[in-house]
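Chemist: Chains as they are written, first to last, in the numbering used here: chain A, 1 to 339; chain B, 1 to 394.
One thing to keep in mind: the hints can contain errors.
[Stated by the list, open to error] One side only, chain B facing chain A, incomplete, derived with CB under 8 Å:
#, residue
1, Val24
2, Ser61
3, Ile67
4, Ala76
5, Met91
6, Pro206
7, Gly210
8, Asp213
9, Gln215
10, Asp361
These are computed hints drawn from the structure, not numbers from a lab. This one's a predicted model, so the numbers in the text were calculated from it and none came from an experiment. Just so you know, even glycine gets a beta-carbon here, dropped at the ideal spot from N, CA and C.
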Amino acid sequence: MPSTQNNFERTIVRTAFMLSKKGMIKMAYNLKEYAKKPERLSPGHRMCAGCGAPPVVRAILRGLHPEDHAVIGSATGCLEVCTYIYPYTAWEDSFIHSAFENAGATVSGAEAAYAAMKKKGTLPTDKETKFIAFGGDGGTYDIGFQSLSGAMERGHDMVYVCYDNGAYMNTGIQRSSATPKYADTTTTPAGSVKPGKLQFRKDLTMVMANHHLPYVAQTAAIGNFSDITTKAEKALYTEGPCFINCLAPCPRGWGYKTEDLMQINKMAVETRFWPLYEVVDGKYTINYIPKENVPVSEFLKLQKRFKHLFKPGNEWMLEDIQAEVDKRWEELLHLAEMK
Amino acid sequence: MSIRERLSGNEAVATAMKQINPDVVAAFPITPSTEIPQYFSSFVANGQVDTEFVAVESEHSAMSACIGASAAGARAMTATSSNGMSLMWEMLYIAASSRLPIVMNLVNRTVSGPLNIHNDHSDSMGARDSGWIQIYSETNQEAYDNFLMANRIAEHKDVRLPVMICQDGFITSHAIENIELVEDDKVKAFVGEYKAPWALLDANHPVSVGPLDLQAHHYEHKRQQAEAMKNAKKVIQEVAAEFEKMTGRKYDLIEKYMMDDAEIAIVVLNSTAGTAKYVVNQLREKGIKAGLVKPRVFRPFPVDEIADALKNCKAVAVMDKADSLNAASGPLFAEVTSAMFVKGVTSPKVINYIYGLGGRDVKADDIETVYNRLSDIVKTGNVGEVYNYLSVRE
Chain A
1 MPSTQNNFER TIVRTAFMLS KKGMIKMAYN LKEYAKKPER LSPGHRMCAG
51 CGAPPVVRAI LRGLHPEDHA VIGSATGCLE VCTYIYPYTA WEDSFIHSAF
101 ENAGATVSGA EAAYAAMKKK GTLPTDKETK FIAFGGDGGT YDIGFQSLSG
151 AMERGHDMVY VCYDNGAYMN TGIQRSSATP KYADTTTTPA GSVKPGKLQF
201 RKDLTMVMAN HHLPYVAQTA AIGNFSDITT KAEKALYTEG PCFINCLAPC
251 PRGWGYKTED LMQINKMAVE TRFWPLYEVV DGKYTINYIP KENVPVSEFL
301 KLQKRFKHLF KPGNEWMLED IQAEVDKRWE ELLHLAEMK
Chain B
1 MSIRERLSGN EAVATAMKQI NPDVVAAFPI TPSTEIPQYF SSFVANGQVD
51 TEFVAVESEH SAMSACIGAS AAGARAMTAT SSNGMSLMWE MLYIAASSRL
101 PIVMNLVNRT VSGPLNIHND HSDSMGARDS GWIQIYSETN QEAYDNFLMA
151 NRIAEHKDVR LPVMICQDGF ITSHAIENIE LVEDDKVKAF VGEYKAPWAL
201 LDANHPVSVG PLDLQAHHYE HKRQQAEAMK NAKKVIQEVA AEFEKMTGRK
251 YDLIEKYMMD DAEIAIVVLN STAGTAKYVV NQLREKGIKA GLVKPRVFRP
301 FPVDEIADAL KNCKAVAVMD KADSLNAASG PLFAEVTSAM FVKGVTSPKV
351 INYIYGLGGR DVKADDIETV YNRLSDIVKT GNVGEVYNYL SVRE
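Make a model of the complete structure from these sequences and hints.
Modeler: Take a look at the structure:
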């Protein structure tokens, strides 16, 4: 679908132009140039319209230098089952999927092969190869966490990218440890006794930062994609194990109209529900500080999964979430030595 | 000249791995296979190999890393036992269906529970339908020799399947025996360089591995896998013939011991075959026509060879160091009798003995009771109970 792709590119180039007028684009990042890069995830894959994952993947892959090859792994999940259905693959680079809980280990094996064959001089080509593992939050926070933690600790030269849509979406919206508190999922349905998921979400980005990796970042595909693409490039060209956590809204699981994807992403960041920050060799930097104190309800009200929070008498749930968002933001400010 | 040494089974396999010098070894410690990655990491530490040793955080990740490495175009190996392979379970099937020529040394140990670190075959028998080639080893020498042959079989264009070389935990893995090693240069020439037909690392020909494979193609892919396993039989024999030329040591799909005129026979895997041979010798001295069939290869299953070897026997006991817990028999018995039946070998009386579970010692006397029972069956024509536990306290 080249026309869709062109439309998309036109849209982001236009957005970039508007943002650059507002002075919101950093000099190093030129969207026009990045948008010209050859697409590495082909159109025609079967991800849902309005899904947050494909823009995340494409933005991450735009961080690759065009002359470099990539070995890309994926955990079982929406991304995998929609991009590589035999005999069609959407991946222009080499791609491997083996199972759900082991994207970290699988890609670490490919990276070890690269290291060994490079040493022996038996690589098929002398092209530079980069290693990327993608996993959803289920395959990253939960079932794949051990494999991820192990691969990062061993120090493989790879980037693990979590596209976090906050539930097991591929199997039909079951709660994960990344699901926000009070979200209505198919295994934490909002009922008359239980108001959806009862726990706050695991803060995986912090957990990975505490692995003391050379580069850890949290990002979202917002605005002109500067934040996500810049972080991808940094991670890809930082030697050693790097981790990026990207917000990837799910229209089915979250309950929003397909055209609202970018607005959802934006509100997640503006309400500080999903802060954009990076940890470089242990130093925390918050990449975007919202100017106004937008209440988290502005993000939640866009989604059907939080519909019950807005019923009269349930204000305490909103207050509970707001308190946790504020607490985590304060912690982040403290870590970034901004407080 | 070959090199005479004294090595344990684990040392022997680690030595074979060193001589092969694979690209990637990914392994996790578990008794009794732990020594293999230990020895191997010392080879890495001392620069005796060029391998990347990946000290993973679990066996699931060991097999996952081997899959990633093998798909990348590398020669990848691992070693494990028991629950370690249970944790790999999911990945065994994926390695095989992805047609990746990974080589594993499985140091057989009982699968929990109850927890027990000693030898039986419940681990490998549990994985018998995973699509891996399985080759069993009676001695340290056989474990070493089988390991040297594994890559040639796994990587053969008509096969492209992972290979599991099995040896008995502690009995073979830790016991030191005399062994004849092949010289490094000969191993190198015999095993050869590996060039993957497709590889993730081939930047000029990018590939996708591990698709969602639905109704339109999955069935044909499984059919191809089945064909590869059928092809493996011939390849295993060809590689063995070449190995014999190099070393003088002869291997086949099965080993027949005193079977030419045998009236009673035992079918048994791995180290117990050594004990059984000793018993056969003693019985032969008494004029009893006892014999032994040792399947060296369990996957692919040597249907014709086993049926042919047993066709003239009057009574046969198949011994299983694993139970299927199906209230009927162990797995080897089910497959041996199935082979006999489909090949029209129905005259021998057949019984099954489960033995040595959890490392219970199986002595010559125990084996002798099995042969005595077979002699009784021949005499009386009365088979009695088919499904038996050998030397168990009831």
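Chemist: Hint by hint, note whether the structure agrees.
Modeler: Consistency of the hints with the structure:
1. At a threshold of 8 Å, the smallest CB-CB gap from Val24 (chain B) to chain A is about 5 Å, leaving the interface hint in force.
2. A hinted interface residue such as Ser61 (chain B) counts as satisfied when its beta carbon comes closer than 8 Å to some beta carbon of chain A; here the least separation is about 4 Å, so the hint holds.
3. Interface restraint check: Ile67 (chain B) against chain A, minimum CB-CB distance 5 Å, threshold 8 Å, status holds.
4. This hint holds: Ala76 (chain B) has a C-beta 7 Å from the nearest C-beta of chain A, less than the 8 Å allowed.
5. With its C-beta approaching chain A no nearer than about 7 Å, Met91 (chain B) sits inside the 8 Å limit, and its interface hint holds.
6. Evaluation of the Pro206 (chain B) hint against chain A yields a held restraint, the C-beta minimum of about 4 Å falling below 8 Å.
7. Residue-level restraint check for Gly210 (chain B) holds (minimum Cβ-Cβ distance to chain A is 4 Å; threshold 8 Å).
8. Taken as an interface hint, Asp213 (chain B) checks out: its beta carbon lies about 5 Å from the nearest beta carbon of chain A, inside 8 Å.
9. Checking Gln215 (chain B) against chain A: minimum C-beta separation of about 11 Å lies over 8 Å; hint violated.
10. For Asp361 (chain B), the suggested interface contact is broken, since its CB lies about 37 Å from the closest CB of chain A, more than 8 Å.
Of the numbered hints listed earlier, those contradicted by the structure are 9 and 10.
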